[in-house]
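**Student:** Produce the entire structure from the sequences given, and follow the hints as far as they go.
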Amino acid sequence: MRAIPISKLKCKAWPPFSLSRSCSHMASVAEPPPSTLVDEFTKFCYQRDLPRAMTAMEAMQRRGLWADSLVYSELVKCCLARRAVQQGKLVHKHVFSNGYRPKTFLTNIFINMYVKFGLLEEAQSLFDEMPERNVVSWTTMISAYSNAKLNHKALESLVLMLREDAMPNSFTYSSVLRACDGLWYLKQLHCSIIKVGLESDVFVRSALIDVYSKLGELHNALGIFNEMVTGDLVVWNSIIGAFAQNSDGDEALNLFKRMKGAGFAAEEATLTSVLRACTVLALLELGRQVHVHAVKYGQDLILNNALLDMYCKCGSLEDANSVFTRMVEKDVISWSTMIAGLAQNGFSQEALRLFEQMKVSGTKPNYITILGVLFACSHAGLLEDGWYYFQNMKQLFGIDPGREHYGCVIDLLGRAGKVDEAARLIQEMECEPDAVTWRTLLGACRVHRNVDLAAYAAKKILKMDPDDAGTYILLSNIYANSQRWEDVAEVRKSMRARGVTKEPGCSWIEVDKQIHAFIMGDDSHPQIDEINRQLSLLVDRLMGMGYVPDTNFVLQDLEGEQREVSLLSHSEKLAIVFGIMSLSKGRTVRIRKNLRICGDCHIFAKLVAKMEERVIVIRDPIRYHHFQDGVCSCGDYW
DNA sequence: CTAGGGTTAG
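Residues in the first sequence are numbered consecutively from 1, following full-length UniProt numbering.
Since the hints were derived computationally from the structure, they do not count as laboratory data. Just so you know, these numbers come straight off a predicted model, no measurement behind them. Hints may be right or wrong, so weigh each one.
As the list claims (entries may be wrong) - Okay, derived cross-link-like pairs now, EDC-like style, lysine to aspartate or glutamate, Cα gap no bigger than 16 Å in a straight line:
hint	residue 1	residue 2
1	Lys585	Glu612
2	Lys585	Asp512
3	Lys103	Glu129
4	Lys460	Asp434
5	Lys502	Asp467
6	Lys153	Glu199
7	Lys585	Asp550
8	Lys43	Asp68
9	Lys513	Glu285
10	Lys103	Glu121
11	Lys187	Glu199
12	Lys77	Glu121
13	Lys606	Asp629
14	Lys459	Glu430
15	Lys394	Glu430
16	Lys493	Asp468
17	Lys394	Glu404
18	Lys493	Asp467
19	Lys359	Glu404
20	Lys296	Asp331
21	Lys418	Asp452
22	Lys364	Asp400
23	Lys93	Glu58
24	Lys93	Glu129
25	Lys103	Asp128
26	Lys502	Asp468
27	Lys260	Asp232
28	Lys153	Asp181
29	Lys463	Asp434
30	Lys585	Asp629
31	Lys610	Asp629
32	Lys153	Asp128
33	Lys214	Glu267
34	Lys502	Asp540
35	Lys43	Glu58
36	Lys257	Glu267
37	Lys463	Asp512
38	Lys153	Glu121
**Tutor:** Dropping the structure here:
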């Protein structure tokens with residue numbers, strides 16, 4: 001056998017081996033000569049032909065041959081692309097056999113491979129045992145920790161890396177930033193980033209924007225965004241997402257406009273955030289326009305889920321349904337969104353039917369799915385089913401009931417009139433009841449006029465959240481409903497004493513791509529006079545049908561007729577009248593408001609819906625009200 | 001060889 005020069009073999013000089021020795025005893029084996037073996041292996045790697053490359057590699061292994069690091073890295077890429085975990089491990093074993101320790105470069109590739117396969121422990125042990133770690137080694141591990149939400153380990157690694165004199169780069173910072181779960185850490189990191197001059201890196205910038213926004217620091221996020229000189233689509237997506245996720249739909253949409261003006265084309269992540277902004281603002285028509293653009297990315301799961309949610313939250317279940325049925329791929333979120341959406345909009349039976357379908361489909365329900373199911377039961381008054389799911393959720397679905405689940409069951413019991421049982425359930429809760437829990441009970445007390453329990457619940461809420469205007473108002477209304485005027489006065493007094501002010505009621509309605517806002521005590525709407533005139537005409541006709549304004553919901557110190565006049569200024573009434581005036585006959589009037597709907601407006605909407613033969617949808621911060629033919633989908637419980 | 005943006009409840 002002829003000795004072949006190593007340089008021609010594309011073999012690294014490591015591990016040191018002698019070709020003549022490794023080949024001599026294999027002369028009888030019917031395998032091609034080493035040069036062909038390595039060449040073939042190389043070829044298969046570059047062709048991404050994993051099965052053949054693996055066979056070639058095994059043949060090489062029998063001859064003690066190794067290839068170039070770059071070739072191995074190609075092979076690993078191939079394993080990663082095919083998620084071939086076992087093959088990846090074989091390659092690792094091959095390269096690391098005979099006690100050879102590859103260079104940092106190649107080791108990093110294997111660390112990265114294990115990380116991508118989700119085998120963090122294997123990655124960790126390789127990392128721990130490697131003799132020399134560079135920035136890439138550290139960054140790979142930090143990124144893995146951040147992804148695994150091992151925030152503490154990610155931050156700790158940054159410190160350790162600095163101690164080893166490895167200089168973090170923009171890769172490192174953008175990875176470690178995602179592990180910042182406290183403002184204090186973030187500020188520290190931000191300072192270091194400025195110091196090393198990496199603040200203007202687009203990756204670092206988008207990570208900074210994102211983390212500030214996740215910590216609710218929108219002001220800082222916007223500041224970092226505005227300092228940007230050369231744009232990048234992801235940075236735009238980050239800032240739009242920041243506002244959308246923090247419920248500032250207006251600003252998100254503004255930024256979206258600016259982005260288009262700057263010449264960037266929206267893609268999946270952008271549209272997802274824009275849809276969320278529409279969801280927040282209940283802008284169905286704008287959402288529909290976004291849908292048209294989203295069709296281009298037809299099978300993007302996240303985008304479709306966002307579409308689903310937008311249609312549900314805007315109260316158009318027909319649209320949501322058609323998106324849902326057209327979706328090829330559905331995940332837990334798709335099902336949960338649809339179930340909760342149906343339930344919230346009053347289609348409880350459909351929600352429960354969908355849940356059955358979901359179980360058949362093989363998608364495992366999660367914490368949030370069960371919330372939707374319980375909500376549906378509560379809404380439909382299915383006390384037994386709801387209680388059954390609640391009692392058995394751990395056993396059936398492996399999910400421990402959390403605060404929110406208790407909340408649904410309190411609601412369920414409350415709706416069924418079992419207010420005392422609801423109160424007892426709170427005492428038995430495994431997790432600490434919070435203000436929301438008590439508020440749910442307070443809501444039940446309002447409907448069933450259980451004044452004493454209401455006072456107790458309100459006291460609990462105000463202990464945790466002393467400036468919660470909603471609680472004062474709810475309590476005041478409950479007292480007013482029972483004609484307990486002294487208590488009403490007492491509540492108002494303590495409210496004043498604490499300086500708690502009621503946020504002005506505000507209703508929004510979308511007409512002709514314009515958002516019209518009606519704010520309590522604000523008459524700046526250009527058509528306000530006409531609206532008021534139509535409103536009083538409408539009220540006269542309604543009173544002819546037997547409508548009696550329920551002045552119990554008036555909070556100010558007013559007398560007689562003044563009280564009724566004050567009711568007329570409720571923003572949702574103005575929005576309803578404006579909607580009827582502006583939207584052609586037969587079109588649904590959709591309104592979003594910032595406060596819970598009051599009892600008088602609720603009755604008003606029911607009657608108007610009947611008299612004008614209109615569907616009116618009002619979304620308050622908690623519940624959906626579909627008024628049609630004199631009834632409301634909430635079943636008069638909210 | 002290492003990095004950034006999007007979806008369900010509250």
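**Student:** Just pull the numbers of the violated hints for me, sorted ascending.
**Tutor:** 6, 7, 10, 12, 14, 19, 20, 33, 34 and 37
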